[in-house]
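The opening position of the sequence shown corresponds to residue 1 in UniProt numbering, with each subsequent residue numbered one higher.
Note that these hints are calculated values from the structure, not bench results. Possibly wrong hints are sitting among the right ones.
[To be verified] Label pairs and their in silico Cβ distance ranges: (1) A241 / G150: 26 to 32 Å; (2) S62 / A373: 23 to 29 Å; (3) P38 / R376: 42 to 48 Å; (4) P38 / V192: 33 to 39 Å; (5) F95 / R260: 26 to 32 Å; (6) G150 / N267: 32 to 38 Å; (7) Q374 / A125: 21 to 27 Å; (8) F95 / Q374: 34 to 40 Å; (9) P244 / A125: 32 to 38 Å.
Ideal placement from N, C-alpha and C gives every residue a C-beta, glycine not left out.
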Amino acid sequence: MLVGRMGGVYERAYVQKRLDRWDEVEEGGEKLSAKLRPSGQDDMSILAMQRLNDYLPNGPASPVNMVLDYFKHDYEFAEPPRVTSLQNVVPLATFTDFDDDIYFVADQRGYEAVVYYLAGQYLKADKSGNIVNPRLQLNKVVTEISHSGGGVTVRTEDAKVYKADYVMVSTSVGVLQSDLIQFKPRLPTWKVLLIYQFDMAVYTKIFVKFLRKFWPQGKGREFFLYASSRRGYYGVWQFEAQYPDANVLLVTVTDEESRRIEQQPDNQTKAEVVEVLRSMFPGEDVPDATDTLVPRWWSDRFYRGTCSNWPIGVNRYEYDLLRVHRTPNLSIGIAPVGRVYFTGEHTSEHYNGYVHGAYLSGIDSADILIKCAQKRMCKYHIPGKFD
1 MLVGRMGGVY ERAYVQKRLD RWDEVEEGGE KLSAKLRPSG QDDMSILAMQ RLNDYLPNGP
61 ASPVNMVLDY FKHDYEFAEP PRVTSLQNVV PLATFTDFDD DIYFVADQRG YEAVVYYLAG
121 QYLKADKSGN IVNPRLQLNK VVTEISHSGG GVTVRTEDAK VYKADYVMVS TSVGVLQSDL
181 IQFKPRLPTW KVLLIYQFDM AVYTKIFVKF LRKFWPQGKG REFFLYASSR RGYYGVWQFE
241 AQYPDANVLL VTVTDEESRR IEQQPDNQTK AEVVEVLRSM FPGEDVPDAT DTLVPRWWSD
301 RFYRGTCSNW PIGVNRYEYD LLRVHRTPNL SIGIAPVGRV YFTGEHTSEH YNGYVHGAYL
361 SGIDSADILI KCAQKRMCKY HIPGKFD
């Protein structure tokens with residue numbers, strides 16, 4: 001990994017010394033997180049943990065410290081350490097359970113292939129793999145979910161009406177925080193409050209194409225960081241090992257920078273990108289970019305962001321309530337909000353924010369629904385808040 005700045009590249013030893021210090025702080029953070037009470041009363045931000053470990057007490061100030069901090073935190077959670085829960089993301093379950101190597105998946109079929117593969121296991125498909133079962137309704141925009149003791153009614157933007165015994169809502173938490181879907185009757189106040197407590201972060205991968213390569217290549221140079229005095233300003237770059245002849249660079253931005261970039265023309269983004277690259281490689285003849293791809297997850301009404309991030313102070317008891325409905329006696333268990341169930345990456349107990357979290361939470365939520373619908377096992381026990 002190289003760290004660039006205006007006018008060139010930092011010395012490797014200079015950067016490594018700061019990375020080693022960050023590793024020490026992270027180890028201290030893991031030990032502290034393990035000691036916090038499960039109730040969440042002692043939870044703190046990752047930034048607060050850094051201060052406790054005497055790591056840049058006022059936050060990272062120099063460009064190199066800022067971009068390293070960004071790479072270690074914002075690049076993973078899409079939000080800065082000051083808003084991210086220490087207790088619920090350190091150590092990060094995904095890295096603990098699946099290793100902490102980061103791979104760029106270059107499968108041109110996209111995630112859609114996974115969805116069709118799973119659906120094809122129980123819905124009829126043609127020889128090409130396309131789902132032809134009439135129960136699968138695509139390109140339908142749900143605008144209203146009415147629910148009662150007798151069942152649910154779902155209305156779509158094209159004035160179609162669908163009736164069922166139960167409904168599983170798998171939209172992002174960002175959509176739940178918007179007015180796209182109206183629930184009738186409205187969701188309970190406690191549920192709405194929990195939905196709005198969770199953060200819907202914005203994570204933007206910008207692809208930039210050039211006529212030729214001008215950047216460093218070889219082992220250990222997949223990542224290149226740009227140390228700017230402005231946090232998150234085109235900070236994390238990847239060089240395309242998966243598409244060696246494409247002449248494409250990938251730069252990741254998050255949070256405020258993502259929102260800013262989504263609201264400006266792509267030509268302006270392209271110009272900013274080239275300006276950054278020319279400042280990093282002053283000795284190279286950096287050409288103008290020929291094309292860019294700028295996703296707009298935050299502006300898209302079907303997403304309203306990219307993934308959830310666990311904020312400070314939301315403990316696992318409250319998180320369980322995000323998925324299900326409490327009953328007057330928590331020792332007995334819980335039941336859905338009427339016949340409305342919820343699933344999605346934001347309901348994954350350990351892997352929120354990730355695709356595997358969405359997949360596993362879907363299995364978990366479906367199991368809860370099936371047990372209730374078919375076996376009348378509608379009680380789902382969760383520990384009390386202070387247990």
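Hint check:
1. A241 and G150 have their C-beta atoms about 56 Å apart, which leaves the hinted 26 to 32 Å range violated.
2. Evaluation of the 23 to 29 Å hint for S62 and A373 yields a failure: the beta carbon distance comes to about 58 Å.
3. Between P38 and R376 the beta carbon distance is about 31 Å. The supplied range of 42 to 48 Å is therefore violated.
4. Between P38 and V192, the C-beta spacing of about 25 Å breaks the proposed range 33 to 39 Å.
5. F95 and R260 have their C-beta atoms about 29 Å apart, which keeps the hinted 26 to 32 Å range intact.
6. For G150 paired with N267, a C-beta distance near 55 Å fails the hint of 32 to 38 Å.
7. Taking 21 to 27 Å as the suggested C-beta distance range, the pair Q374 and A125 conforms, at roughly 25 Å.
8. Checked against the given bound of 34 to 40 Å, the beta carbons of F95 and Q374, roughly 37 Å apart, stay inside it.
9. Between P244 and A125, the C-beta spacing of about 35 Å keeps the proposed range 32 to 38 Å intact.
Comparing the model with each numbered hint stated earlier shows that hints 1, 2, 3, 4 and 6 do not hold.
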